[in-house]
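Line by line, the protein sequences give chains A and B. Those letters in the first sequence? Residues 3 to 227, per our numbering, in order. Those letters in the second sequence? Residues 73 to 821, per our numbering, in order.
Please note: incorrect hints may appear among the correct ones.
Claimed, not checked - A partial selection of chain A residues facing chain B, derived with a Cβ cut-off under 7 Å:
hint, residue
1, Pro13
2, Asp20
3, Asn41
4, Leu42
5, Phe54
6, Leu60
7, Leu111
8, Phe113
9, Cys115
10, Lys144
11, His201
12, Pro209
To be verified - Calculated Cβ distances over 12 Å to all of chain B for the following chain A residues:
hint, residue
13, Ser15
14, Ala24
15, Arg38
16, Gly57
17, Glu135
18, Val141
19, Ala152
20, Asp153
21, Asp158
To be clear, the hints were calculated from the coordinates, so they are not data collected in a lab. All residues carry an ideal CB built from backbone N, CA and C; glycine is no exception.
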Amino acid sequence: MTTRIGVVTFPGSLDDVDARRAIRLAGAEPVALWHRDKNLNQVDAVVLPGGFSYGDYLRCGAIARFSPVMETIVDQARAGLPVLGICNGFQVLCESHLLPGALTRNDHLHFVCRDQRLRVENADTAWTSDYAEGQEITVPLKNGEGGYVADERTLDELEATGRVVFRYLDVNPNGSRRDIAGICNEAGNVVGLMPHPEHAVETLTGPTTDGLGFFTSVLKKLVAS
Amino acid sequence: MSLDTVKHASDTPDVEQPWAELGLKRDEYDRIREILGRRPTGAELAMYSVMWSEHCSYKSSKVHLKQFGEKAPASDAMLVGIGENAGVVDVGQGYAVTFKVESHNHPSYIEPYQGAATGIGGIVRDILAMGARPVAVMDPLRFGAADHPDTRRVLPGVVAGIGGYGNCLGLPNIGGEVVFDPCYQGNPLVNALCVGVMRHEDIHLAKASGTGNKVILYGARTGGDGIGGVSVLASETFDETGPAKRPAVQVGDPFQEKLLIECTLEVFKEDLVVGIQDLGGAGLSCATSELASAGSGGMRVELDTVPLRDSTLSPEEILMSESQERMCAIVEPGKVDRFLEICEKWDVIATVIGEVTDGDRLEIYWHGEQIVDVPPRTVAHEGPVYNRPYARPEWQDALQADDANALPRPKDGDELREQVLRLVGSPNQASKAWITDQYDRYVLGNTVLAQPEDSGMIRIDEETGLGVAVATDGNGRYAKLDPYTGAQLALAESYRNVAATGAKPLAVTDCLNFGSPEDPGAMWQFAEACRGLADACRTLGTPVTGGNVSLYNQTGDTAIHPTPVVGVLGVIDDVARRTPMAFAEEGQLVYLLGDTREELGGSAWSQVIHDHLGGMPPKVDLERERLLAEILISASRDGMIDAAHDLSDGGLVQALTESCLKGGKGARLVVPDGLDPFVFLFSESAGRAIVSVPRSEELRFTDMCGARGLPAARIGVVDGDAIEVQGQFSVSLAELREAHEATIPALLA
Numbered sequence: 003m004t005t006r007i008g009v010v011t012f013p014g015s016l017d018d019v020d021a022r023r024a025i026r027l028a029g030a031e032p033v034a035l036w037h038r039d040k041n042l043n044q045v046d047a048v049v050l051p052g053g054f055s056y057g058d059y060l061r062c063g064a065i066a067r068f069s070p071v072m073e074t075i076v077d078q079a080r081a082g083l084p085v086l087g088i089c090n091g092f093q094v095l096c097e098s099h100l101l102p103g104a105l106t107r108n109d110h111l112h113f114v115c116r117d118q119r120l121r122v123e124n125a126d127t128a129w130t131s132d133y134a135e136g137q138e139i140t141v142p143l144k145n146g147e148g149g150y151v152a153d154e155r156t157l158d159e160l161e162a163t164g165r166v167v168f169r170y171l172d173v174n175p176n177g178s179r180r181d182i183a184g185i186c187n188e189a190g191n192v193v194g195l196m197p198h199p200e201h202a203v204e205t206l207t208g209p210t211t212d213g214l215g216f217f218t219s220v221l222k223k224l225v226a227s
Numbered sequence: 073m074s075l076d077t078v079k080h081a082s083d084t085p086d087v088e089q090p091w092a093e094l095g096l097k098r099d100e101y102d103r104i105r106e107i108l109g110r111r112p113t114g115a116e117l118a119m120y121s122v123m124w125s126e127h128c129s130y131k132s133s134k135v136h137l138k139q140f141g142e143k144a145p146a147s148d149a150m151l152v153g154i155g156e157n158a159g160v161v162d163v164g165q166g167y168a169v170t171f172k173v174e175s176h177n178h179p180s181y182i183e184p185y186q187g188a189a190t191g192i193g194g195i196v197r198d199i200l201a202m203g204a205r206p207v208a209v210m211d212p213l214r215f216g217a218a219d220h221p222d223t224r225r226v227l228p229g230v231v232a233g234i235g236g237y238g239n240c241l242g243l244p245n246i247g248g249e250v251v252f253d254p255c256y257q258g259n260p261l262v263n264a265l266c267v268g269v270m271r272h273e274d275i276h277l278a279k280a281s282g283t284g285n286k287v288i289l290y291g292a293r294t295g296g297d298g299i300g301g302v303s304v305l306a307s308e309t310f311d312e313t314g315p316a317k318r319p320a321v322q323v324g325d326p327f328q329e330k331l332l333i334e335c336t337l338e339v340f341k342e343d344l345v346v347g348i349q350d351l352g353g354a355g356l357s358c359a360t361s362e363l364a365s366a367g368s369g370g371m372r373v374e375l376d377t378v379p380l381r382d383s384t385l386s387p388e389e390i391l392m393s394e395s396q397e398r399m400c401a402i403v404e405p406g407k408v409d410r411f412l413e414i415c416e417k418w419d420v421i422a423t424v425i426g427e428v429t430d431g432d433r434l435e436i437y438w439h440g441e442q443i444v445d446v447p448p449r450t451v452a453h454e455g456p457v458y459n460r461p462y463a464r465p466e467w468q469d470a471l472q473a474d475d476a477n478a479l480p481r482p483k484d485g486d487e488l489r490e491q492v493l494r495l496v497g498s499p500n501q502a503s504k505a506w507i508t509d510q511y512d513r514y515v516l517g518n519t520v521l522a523q524p525e526d527s528g529m530i531r532i533d534e535e536t537g538l539g540v541a542v543a544t545d546g547n548g549r550y551a552k553l554d555p556y557t558g559a560q561l562a563l564a565e566s567y568r569n570v571a572a573t574g575a576k577p578l579a580v581t582d583c584l585n586f587g588s589p590e591d592p593g594a595m596w597q598f599a600e601a602c603r604g605l606a607d608a609c610r611t612l613g614t615p616v617t618g619g620n621v622s623l624y625n626q627t628g629d630t631a632i633h634p635t636p637v638v639g640v641l642g643v644i645d646d647v648a649r650r651t652p653m654a655f656a657e658e659g660q661l662v663y664l665l666g667d668t669r670e671e672l673g674g675s676a677w678s679q680v681i682h683d684h685l686g687g688m689p690p691k692v693d694l695e696r697e698r699l700l701a702e703i704l705i706s707a708s709r710d711g712m713i714d715a716a717h718d719l720s721d722g723g724l725v726q727a728l729t730e731s732c733l734k735g736g737k738g739a740r741l742v743v744p745d746g747l748d749p750f751v752f753l754f755s756e757s758a759g760r761a762i763v764s765v766p767r768s769e770e771l772r773f774t775d776m777c778g779a780r781g782l783p784a785a786r787i788g789v790v791d792g793d794a795i796e797v798q799g800q801f802s803v804s805l806a807e808l809r810e811a812h813e814a815t816i817p818a819l820l821a
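Bound-form chain B, shown alone (with noise of 0.2 Å):
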């Protein structure tokens, strides 16, 4: 085959292009015909088709994520906002922290080792390239039901792809989610967090300027893996019939990553870099398109100059190749050679690929010839951008109409036992040790608190004890109930979370799983969490820094509970003051925080007893989210509590469980006046935490708590072996262990 230059293209306009199996839609091809006044190359046939796909131009989303810019809190924290690799949040004392989540769903499902490392290796090089060095990684996990065959075949696969992957890297795991809801099965959410820490002066950009500056290429040489990758698998719905999509799932090698990560910021130290980027989703066409997009003038780059793994690469696969562990860095010409030194020390490959121009076009040549010459916004920035139909489902009604308030509940102690047991041995509800356990969370040295506390900790400053909290959250069934309150709760719980360690909110990173964007029902579940969540940052002061779109998260017509997954960034003055969950102090006193309503739509209890889900999700009070905060945070700072475990999902019952078996601790319990004994343990009221009171400070936090008008009612006292509830029923430590350890380990290991 002849290469397809661009003079060739201009020459034979009526050649058919394969616009359509590159996921191409006819208007999209006709404006890039337009755009470049003749018909495109193969080569720039493939970077459009990757870069306008789904996955990279947001081009179903952009119109409802704008909110997050227009609706923003103002911030002194923010240094860098939505639109680089990832945000950056001002921490003080010359620390800057940047974080982000981002979905690795549809190669996961495909391949789930490989799917689920290389989601781990793809969001700590976006946090390697704003300047900062990785400190951590979470994940938040959603499988179909924990018996079903599927899942068998999925997770055991994806927890050891992120060990396998994050353990080579040497960063603590510290938290994250695993939930299991039929709704995931055949579409399960593989989401990853990376936090990364820096000095102020070290944010780097992805920009290429300054004409004569080189553009380098480092890392791992480029394969044929994962060609198409963000076009063909995470922007189409999956079809059970169709071929194997497995050739385009990246590969990841974590050793390169390691040596990538000490390598770029060893180069980062000695200033050698005036942009960088990394190589992810649509590869050397993204990382190209946005540099030169960014950047003041335009680029050249001999693509025959790429190391390649396999030397019969078309350039066009060369372009749309998603090999792992690839940078690109714009380098002043009088660097490049100490650039490369550094590359050299780290076994790194490194080769100047091309040029910043003074022109505004990205031009792409192939031994000398000419295979593409293109506007570099069009391509990166300047995607199609739709306003898709969106309608509130017709079953959105019945659904809330079927109020789980009025199922049938426990009629005594003794049921009441009994479903306490249930629930806390319930796959989502058990301990998921099993599966955090085959992940580091040591490494590094700095993990104060890791799951399953509410958030993870780390110490960024060894002298001085600075530090910052991450907690992830996100509950499908409230979005499914109202999408607007789900996407709220889901915020609120993650703020609560960061809280309950005594780390002050400061930033938001969302992860938005949804269905297809062409189902006028997903589209509505996808903008009412957008508004929901845009609403709720402005009221609590947290502006969303970045993050990532998961659309077509739905296997033939069956699309996934729409699930927005909010991570919270915190910072907290000296992690010695952290406030963890365990209730370890007999004889301290038990309160309850904020107001507790008869709220079961949604409920973890009516799933594990009723298989329910319907009514409406609890109440979301951003006012009052705040107010909690703030007490929790004073608390942990003046010594007033010793422990903290936020109330979600399983209410009352199972926050309590978890902090007793952490501390080896039980509790005795009144009701409080005026509460059903159920409502009391199984609501799930938002805006509320238990914490563990030392008498001695006794009155100077009920004071506090009633000076500021926040509910707290003692409600019991850590003692014994057992937890009971006066008149109703008692239950052993050890029975609530073997519950709560057994489950997750009898179905998967």
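Isolated chain A, as found in the complex (with noise of 0.2 Å):
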């Protein structure tokens, strides 16, 4: 049976495309989810994908997160569905309080897009699997409030539990505190990042195929399970 990857489209979505292609070329099903829609047609994860959900006038993701498809899936993110945020999606899941913090207007307050590189801090989680902790990955970036901020115990306690799962490494692109790119939850399933895997999927139209590695990891781990 194939397994079926659900990527959420926001009405101001824009990389849904792109997360349904890259989890094609990972060699799982993409299907196409409507934020009108809280039926999720039985797929084995969830994408949440970069955009400008419903405009992202008053906070990213602030409306996002009362969208119908949203209650179903913070429900069934705390019964253990894998669900990567990405960009958008990241902002989305902070939001919902599947995880912790929230990620504002970059310090240097421009939109940037740039191939950056990152570690993994964790390779344990439900989209990192196929890397090695410490591995060195170049994805593109691109966003204008990407800076992850969290009160100095939360960080710690992301820290001291490894839930830090990506940093920025050279260059800190939106003055995310302590460097931190991506986080997950306490079981590892959700895990919300701004930097785009999805953009470096193939040779031709990325920097690297580095991103692939989410999509393969996911599509394991449900196989195996």
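Assemble the dimeric complex from its two separately framed chains, guided by the hints.
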């Protein structure tokens, strides 16, 4: 049986097509999910893609949190459904309290698009098991509000429990606290990050194919279980 | 104030009307009265004033633009030509591509962020209205001197506006230009290009046909923004003492536009529309009159059904409003429900505001009373046409006699080295990454090449690898020295840039940015540039498919350099065969293709080192450009070269620096026999490129160039971590990188 991975389309989602392509290239079946639909169509995992969910004129992801599809996703994520939030998806996960902290305006106040080097700090999550701990990867980063913030106690706790999944190398592109690029929940099934692995799946269009590992990781986990 | 109905207008012929305030001339107003056989109502006057503006009617430029059609080369690739929202080109495999460049210069000067943002929004809707999914944008930009306070005011807003709008739409920004010159102080050029892709059968046109079909306005509510944008802003010279014109600038909502795109593509997919038009300049006046004019019948519109953001707007204001993110569709009655359902799915407001009639009039009603009754063609297509006087400026001879080839040159290797560093670190030649890194180039996952590559390249079919490449170029300095040649050089460079990436050039779009048409000198520049471009398009076999004219680019008496910006679209059968610009493989051979002459007129060197503009621009040899393009395309297809970079402003040393820095490898060069090292490095002769050839391919490549008669000189090898010109100087990549990359952030960050 093929593994089905859902990709949510909010009206302002932009990288949903790319996320579906990445899932296909990794060998799974991408399933389009619509923001107004509570039904997840029995998918085995969900990707919340990049974009501007409902325009994000308020706080990024603040309205998406209340969408019908997110009601189901929050429930099922708490029950163990693998969920990956990329960029805007990460913002939605934080707003939904599936992940702690928040994303704020880049410290230099500009949108930034660059090929970003990252270190994989935790290779035990649902979405990173195909990497080695300490592995360095390069994937595109593109955001205007990607500065990760949380209070000191939360940051300490994330570090102590191995929940910092990715850290920026070379340059901290947005003023994220402790160079944090991505984190996960306690169970490791929910991962959020600002950089875009779905844009690094083909040598023709991406700087590397380093991003494929996210999708092969979850695929292997799902096939094994 | 009572409503100015058609009946009221007939009864009160002597009422004073504000035609001058609306930008009309006395004889234009008289002609409107003659067409209607009475004075126009307020609403009619509003419609004519915006539609007969320079921006919408092309009244000063039309007589010259005709050449693009008359001289157009026969091309099998053209599916839709000039006159529609955008031209459409066949790229094979059942795909068609539409592309167009437009200006948003005046709004961007007044309100940089919104001006630039809505420039993107407008061109994207033009492409969408043809039936295509927009797939990429590009921005040719011109600003005043990089260190001038006005540039600091305008540039950050423009860049943020382009990013803020384009990034939210999910369209990769794959190229463009950023040029600084004092002539653009107080009059920046903000041009925007969009590319869209569709299947042949999906082409849509802007016409209202079929009596009884419904007129549906959908998208954003209509507000009080952008009223008179085309007539007040884009068709007049700025006067520094005048009142602020900010209310004439529109305000953009990219999220609404994103919804509009998805919603429109879905109604196309279900074949629900007969005709479609976007609302841009001149808003509803333009959409209703153009749809009715191009269709078979008339149109009746109930204006009071238009959803408003501000309920106090008058009918005149509603007709003139340039509120963004609106479209107008003609839909058969039986398909209206499904159309509205799709709009509802995307949370897009849609309203039936009228219907196609069997008459030949455009009639508009306000709460049951008739306020417009006009023949639509007289509004949309039969506006005034002016044959403006033009004359070669008297200073032109002196300018051309001021020969740049006579300027003092570097005396030895050390001076050459010093000038190379100054050149590649000058604002125009420096890396623009600080700007372009504010744009998303990855979204949609089909970007194969993006800035700073010679052209942007987009994959359009994942199975076959079919793709398109687009480049834009324009050099106002060349065009100032000789507008005929300058326009041809803009085309030649853009054409060469497309070929350098391995794509075959097919078609052209142009944005002609000039001064006031009421100045005979500026009008001469315009006429010469049109003639030059039309002649060159014919020779190169690349027809102009559409574009835009922006006149009145001057503040006070000072006009900008004549700046024809030319975009070229090319097709590549398999994007995997593209040629990038980076010299990345040590040991590969560097070849210089084409002839290098002593040509420094208008050059970057003359500007950076001597702050000089004079002499003649480089010569144009279009047959040579065509040959060079054929060689570059063949070499790409057959794997004979690994990298290519076109030579243009800054000459060889600029191109080499960019290719070396991109690949992270140096190069050792030998000056070819008979060439002066300075001319070798800095001349801007056209029709040239540098390529990097694997040693295993050298013989095959040089044989091909020899057989076809293209001069190809082996000038060196990719090697080390410096650029070394034998017997002259050596400069490390680190030093070049510092000079090239630090300039723009230091000025603007």
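Outcome of the hint check:
no.	hint	in the structure
1	Pro13	holds, 6 Å
2	Asp20	holds, 4 Å
3	Asn41	violated, 16 Å
4	Leu42	violated, 19 Å
5	Phe54	holds, 5 Å
6	Leu60	violated, 11 Å
7	Leu111	violated, 9 Å
8	Phe113	holds, 5 Å
9	Cys115	holds, 5 Å
10	Lys144	holds, 5 Å
11	His201	holds, 4 Å
12	Pro209	violated, 9 Å
13	Ser15	violated, 8 Å
14	Ala24	violated, 8 Å
15	Arg38	violated, 8 Å
16	Gly57	violated, 3 Å
17	Glu135	holds, 27 Å
18	Val141	violated, 10 Å
19	Ala152	holds, 26 Å
20	Asp153	holds, 30 Å
21	Asp158	holds, 33 Å
In summary, the structure is inconsistent with hints 3, 4, 6, 7, 12, 13, 14, 15, 16 and 18 from the numbered list given earlier, while agreeing with the others.
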